[in-house]
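Hey, can you work out the whole structure from these sequences and the hints?
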Amino acid sequence: MRIDEVILYTSQIEAQKFFYRSTLGLEQLLDSPNEISFKVGYSVLTFRYKKMMKPSHLAFNIPAGSILKAKIWLEKRTALIQSGENYIADFDSWRAKSIYFYDADGNIMEFIAREAISANLEGEFSSRSLVSISELGIVTNDIETIYNSINTIKPIRIFDGDFSRFCALGNDDGLFIVIDKAKKKWYPTNEEAFTSEFSIRGDYNFTFEKGRIKT
238 MRIDEVILYT
248 SQIEAQKFFY
258 RSTLGLEQLL
268 DSPNEISFKV
278 GYSVLTFRYK
288 KMMKPSHLAF
298 NIPAGSILKA
308 KIWLEKRTAL
318 IQSGENYIAD
328 FDSWRAKSIY
338 FYDADGNIME
348 FIAREAISAN
358 LEGEFSSRSL
368 VSISELGIVT
378 NDIETIYNSI
388 NTIKPIRIFD
398 GDFSRFCALG
408 NDDGLFIVID
418 KAKKKWYPTN
428 EEAFTSEFSI
438 RGDYNFTFEK
448 GRIKT
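Each residue of the sequence shown is one higher than the one before, starting from 238 at the first, in the numbering used here.
Treat the hints as calculated values from the structure; they're not laboratory data. A quick note: this is a predicted structure, and the numbers were derived from the prediction, not measured. Worth double-checking, as some hints may not be accurate.
As the list claims (entries may be wrong) - Pairs of lysine-lysine residues, derived as DSSO-like cross-links and limited to a Cα-Cα distance of at most 30 Å, are as follows:
{"#": "1", "residue 1": "Lys306", "residue 2": "Lys451"}
{"#": "2", "residue 1": "Lys306", "residue 2": "Lys287"}
{"#": "3", "residue 1": "Lys451", "residue 2": "Lys422"}
{"#": "4", "residue 1": "Lys254", "residue 2": "Lys306"}
{"#": "5", "residue 1": "Lys447", "residue 2": "Lys391"}
{"#": "6", "residue 1": "Lys306", "residue 2": "Lys447"}
{"#": "7", "residue 1": "Lys391", "residue 2": "Lys418"}
{"#": "8", "residue 1": "Lys313", "residue 2": "Lys391"}
{"#": "9", "residue 1": "Lys291", "residue 2": "Lys447"}
{"#": "10", "residue 1": "Lys420", "residue 2": "Lys391"}
{"#": "11", "residue 1": "Lys306", "residue 2": "Lys391"}
To be verified - Label pairs and their in silico Cβ distance ranges:
{"#": "12", "residue 1": "Gly448", "residue 2": "Leu358", "range": "32 to 40 Å"}
{"#": "13", "residue 1": "Ser386", "residue 2": "Lys287", "range": "32 to 40 Å"}
{"#": "14", "residue 1": "Arg402", "residue 2": "Ser355", "range": "29 to 37 Å"}
{"#": "15", "residue 1": "Arg402", "residue 2": "Gln265", "range": "31 to 39 Å"}
{"#": "16", "residue 1": "Phe328", "residue 2": "Glu428", "range": "15 to 23 Å"}
{"#": "17", "residue 1": "Arg258", "residue 2": "Ile395", "range": "34 to 42 Å"}
{"#": "18", "residue 1": "Asp329", "residue 2": "Lys288", "range": "41 to 49 Å"}
In this text, a Cβ means the ideal position worked out from N, Cα and C, and glycines have one as well.
The following block contains the structure:
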């Protein structure tokens, strides 16, 4: 599942610009008072200004086997979130390892190294090592309806979970992390999950507004 672009909202354009351009060192593609965007491997991450917004969850794929180098690189730039031994979460069933951190808006961000991703790390880890946007959170009170709406656009497989409290839709290249906000909180922070609005472009093209999928 290819994710070409994710558009999130921010109430502080300048703070997000500093975080992604200066702290993480991402290449900035667009710089305007109300919209900024950055290159994340073959994907684009865009933020649009909105006075009222809620934080979400986003993950970036990194090369398989690069989690230790990524951790050393990232912890020099920002604080990591505790997630398992040595700040590294080990997801055996997904054949993946992750590290977590916050961006300037409090979005729970993740670098995830999946064995299924064939990209190789050449030399030291850097912002250029990022492969793509690989996960996007969708918070709802009706997982099955969200699944049906996305599946109507284009068939999508259930990667993990079910319709009760957590369901990952897609594959190792791209996943929608759909959770029931009444039954589950965000991992690893155990924070309340908010229904945050976004737009996505790629194999699936839609906007998530007021808890509904809109094409």
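For each hint, the structure was consulted:
no.	hint	in the structure
1	Lys306 / Lys451	violated, 39 Å
2	Lys306 / Lys287	violated, 35 Å
3	Lys451 / Lys422	holds, 25 Å
4	Lys254 / Lys306	holds, 24 Å
5	Lys447 / Lys391	holds, 21 Å
6	Lys306 / Lys447	violated, 39 Å
7	Lys391 / Lys418	holds, 25 Å
8	Lys313 / Lys391	violated, 41 Å
9	Lys291 / Lys447	holds, 12 Å
10	Lys420 / Lys391	holds, 27 Å
11	Lys306 / Lys391	violated, 36 Å
12	Gly448 / Leu358: 32 to 40 Å	holds, 39 Å
13	Ser386 / Lys287: 32 to 40 Å	violated, 23 Å
14	Arg402 / Ser355: 29 to 37 Å	holds, 32 Å
15	Arg402 / Gln265: 31 to 39 Å	holds, 37 Å
16	Phe328 / Glu428: 15 to 23 Å	holds, 19 Å
17	Arg258 / Ile395: 34 to 42 Å	holds, 36 Å
18	Asp329 / Lys288: 41 to 49 Å	holds, 42 Å
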